[in-house]
Amino acid sequence: MTAQRDDALAAGSGTSARPVAPGKVSAQQVSVFYGDKQALFDVDLDMPDRMVTALIGPSGCGKSTFLRCINRMNDTIPGARVVGQINLDGENINDRSVDPVLLRARVGMVFQKPNPFPKSIFENVAYGPRIHGFADNKTELADIVESSLKRAGLWKEVADRLQAPGTSLSGGQQQRLVIARAIAVSPEVILMDEPCSALDPIATAKIEELIDDLRSQYCIVIVTHSMAQAARVSQRTAFFHMGAVVEAGATDEIFTNPRDSRTQDYITGRFG
Amino acid sequence: MLIWIALLGLFLFSVSAYTAGRRQVLKSAGGRSRLLHSLPGYHGAYLALWAAAPAVILLLLVSLLGAQVEELILRGQPPPAVVALPASTQDVFYNDVVATVTGGQVSQTVYDGALGQAFTDKLTQAKSIHLYLTTAVLVAALLLAVAGAVMAWPRLRADFAARPRVERWIGALFFGCSVVAVLTTVGIVASLVWESWRFFQVVPIFEFLFGLTWDPQIAIRADQVASSGAFGAVPLFMGTFLIMLIAMTVAAPVGLFAAIYLSEYAGPTVRAVVKPLLEILAGIPTVVYGFFAALTVGPLFRGFFNNIGAQLMGGPFDSLGLYLLQVQNQMALVAGAVMGIMLIPFVSSLSDDIINAVPQSLRDGSLAMGATRSETITRVVMPAALPGVMGALLLAVSRAIGETMIVTMAAGLQARATFNPLDTVTTVTVQIVTLLTGDQEFDSPKTLSAFGLGLTLFVMTLLLNIVALRIVQRYREQYD
Numbered sequence: 000m001t002a003q004r005d006d007a008l009a010a011g012s013g014t015s016a017r018p019v020a021p022g023k024v025s026a027q028q029v030s031v032f033y034g035d036k037q038a039l040f041d042v043d044l045d046m047p048d049r050m051v052t053a054l055i056g057p058s059g060c061g062k063s064t065f066l067r068c069i070n071r072m073n074d075t076i077p078g079a080r081v082v083g084q085i086n087l088d089g090e091n092i093n094d095r096s097v098d099p100v101l102l103r104a105r106v107g108m109v110f111q112k113p114n115p116f117p118k119s120i121f122e123n124v125a126y127g128p129r130i131h132g133f134a135d136n137k138t139e140l141a142d143i144v145e146s147s148l149k150r151a152g153l154w155k156e157v158a159d160r161l162q163a164p165g166t167s168l169s170g171g172q173q174q175r176l177v178i179a180r181a182i183a184v185s186p187e188v189i190l191m192d193e194p195c196s197a198l199d200p201i202a203t204a205k206i207e208e209l210i211d212d213l214r215s216q217y218c219i220v221i222v223t224h225s226m227a228q229a230a231r232v233s234q235r236t237a238f239f240h241m242g243a244v245v246e247a248g249a250t251d252e253i254f255t256n257p258r259d260s261r262t263q264d265y266i267t268g269r270f271g
Numbered sequence: 000m001l002i003w004i005a006l007l008g009l010f011l012f013s014v015s016a017y018t019a020g021r022r023q024v025l026k027s028a029g030g031r032s033r034l035l036h037s038l039p040g041y042h043g044a045y046l047a048l049w050a051a052a053p054a055v056i057l058l059l060l061v062s063l064l065g066a067q068v069e070e071l072i073l074r075g076q077p078p079p080a081v082v083a084l085p086a087s088t089q090d091v092f093y094n095d096v097v098a099t100v101t102g103g104q105v106s107q108t109v110y111d112g113a114l115g116q117a118f119t120d121k122l123t124q125a126k127s128i129h130l131y132l133t134t135a136v137l138v139a140a141l142l143l144a145v146a147g148a149v150m151a152w153p154r155l156r157a158d159f160a161a162r163p164r165v166e167r168w169i170g171a172l173f174f175g176c177s178v179v180a181v182l183t184t185v186g187i188v189a190s191l192v193w194e195s196w197r198f199f200q201v202v203p204i205f206e207f208l209f210g211l212t213w214d215p216q217i218a219i220r221a222d223q224v225a226s227s228g229a230f231g232a233v234p235l236f237m238g239t240f241l242i243m244l245i246a247m248t249v250a251a252p253v254g255l256f257a258a259i260y261l262s263e264y265a266g267p268t269v270r271a272v273v274k275p276l277l278e279i280l281a282g283i284p285t286v287v288y289g290f291f292a293a294l295t296v297g298p299l300f301r302g303f304f305n306n307i308g309a310q311l312m313g314g315p316f317d318s319l320g321l322y323l324l325q326v327q328n329q330m331a332l333v334a335g336a337v338m339g340i341m342l343i344p345f346v347s348s349l350s351d352d353i354i355n356a357v358p359q360s361l362r363d364g365s366l367a368m369g370a371t372r373s374e375t376i377t378r379v380v381m382p383a384a385l386p387g388v389m390g391a392l393l394l395a396v397s398r399a400i401g402e403t404m405i406v407t408m409a410a411g412l413q414a415r416a417t418f419n420p421l422d423t424v425t426t427v428t429v430q431i432v433t434l435l436t437g438d439q440e441f442d443s444p445k446t447l448s449a450f451g452l453g454l455t456l457f458v459m460t461l462l463l464n465i466v467a468l469r470i471v472q473r474y475r476e477q478y479d
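Sequence lines, in order, name chains Y and V. When the count follows numbering that gives the first Met the number 0, it moves up by one through the first sequence with no breaks and lands on 271 for the last residue. When the count follows numbering that gives the first Met the number 0, it moves up by one through the second sequence with no breaks and lands on 479 for the last residue.
Derived by calculation from the structure, the hints in this document are not laboratory data.
Here are the computed lysine to aspartate or glutamate pairs in the EDC-like style, where the Cα-Cα straight-line distance is at most 16 Å:
(1) Y:K149 / Y:E208
(2) Y:K112 / V:D363
(3) Y:K149 / Y:D212
(4) V:K26 / V:D158
(5) Y:K112 / Y:D199
(6) Y:K118 / V:E374
Pulled out of the complex, with its shape left as it was, chain Y reads as follows (with noise of 0.2 Å):
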């Protein structure tokens, strides 16, 4: 935890005025507006590396908001802007010279619906290798998609099949191919939106496992609806209400010691 927040701060401290905060990811005051309706006020959050961050709060509180300008998929929104700065590694990536599509091979993200394209299970894993042109030979994007699947926890089920179409897996297989699909271009951040509010329990707790064991690897945010799974899977949580962060911290302190009343009443189910 110290060696990466020394990191962060080599990295960060030519390149910005404000103090860098530690976190691979790092978020200083930044506000979305849909059109003129502001949706994000002044959030301040730091997603450190290695370590799950879940994002809760009751519908429309923002945390999916949120989550979208950490890969600026908030830009392909007609009408929505962001202000304020989010720090990867440092680099403020709202910055004009950074490009959305390079940051988002850095920043992999996995939606509330499973969404394989229509293509082979292969080939949906070799999508991003493919334009990113990771591999150079067959062989090499062969590999790419067996380990990338083997690390999904997929590769069992699917090694024998690897050219049937992506969405004839049934819903949790889905999702993890997603997952595969998105770790196979290396990404030093995973986002994930609600990825279990469309599974049944058992496969719910496949994917749980997963983001455990992703966890020592990457920098994960998850965004979800269920307490018990932020309970469950994180390190960190956020609570977010009417588009600010109420209360950030380490999960346990947050689940059993929360600071806020709104954070409280949340957790223990008054509201939301």
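Based on the hints, put chain V in the right spot on chain Y.
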């Protein structure tokens, strides 16, 4: 005239039946509509339907079959002078009688002597038959209306389930309309098949489908030499195919790329302007495209090719230059290109719908992988939309095959088996038009060949449409 008065009366009667039914059932419930099984309006509608429907059905049947029945009765007791006539002249005789009564077109035959007497007799008979039948039908309709209303009246009580019964009537109405649509189609196909059958008895089907010469002679007199022509349809189908190919070469890429631009790149403002504009293009009548092709594009292309020809003359490509110098206004290329322009909005608006149906989550998924917008389109959106786009293109092909006006005006009329886009060609539909316009006798192979062409064209476009719809359907199932 009488029938319109009858219909008006029927309408007024059923309207009053409606109000009466409403009031009656409300009264029976003591004014409290809560006690009724169905709303008072349904009771009114039920009564009105029973008053109107049987009478309307009777009137419809009479207007369809009345004339035949009248003629049947009229022919009942033929005078000896008429019996003596040959069958076809008898038909003319009765036609003239009926036409004199109803004010239709009369042949120029002069009836004199015994025949003249028979004509006047039959005329009076026809008039009285018409009068009696009409009166009988009107009285019957009136009786039916009253009988229907009287029969339905006692049922109108508070607990009577008028609502589902009215529902059934409405269902029957919709069913009736769909039956009319289906029967009309079946009728058209049957007549096509029947007339084609007659044609294929004169011209062997093999010769028709594979013959290389299309030259239906115009026989002015029956005894004229060469009164039968050559009926090989291959040049026509080649012409059709050539023009379709040219049209699709224009329409497919332009329409498709326009659709991609509109659905993936254009901002809301551009979209709001361009989409309606494209739809206006789709609303231009084909005849306007036709004279655009004949008067603007044709001379333009001709000038272009003639200029090139003039440049080439005297050089190593002298003969090509001479050929280009002689290119005319009318050619397959002009008709095809303009037809392609006509098809652009068709292709683009269909493809636009299909591309928009590709779920946004796929685009998001691809963009989140670090793909650019064009990579997302070529690698994810288009593969997903491809089956639907293929279906749209096939629909455009069948429209191109069926298009007539532009080709009539811009491609010439010569049936040539050629794939040279600078030649004048003709298509199946254009030939059908030329065969059937003007004064034609309807039993010569020349006119009948139009039905043969029509049937072949129908089968071709039907197959194309089936394939296209299948593809579109399979695509739809994927994302529902």
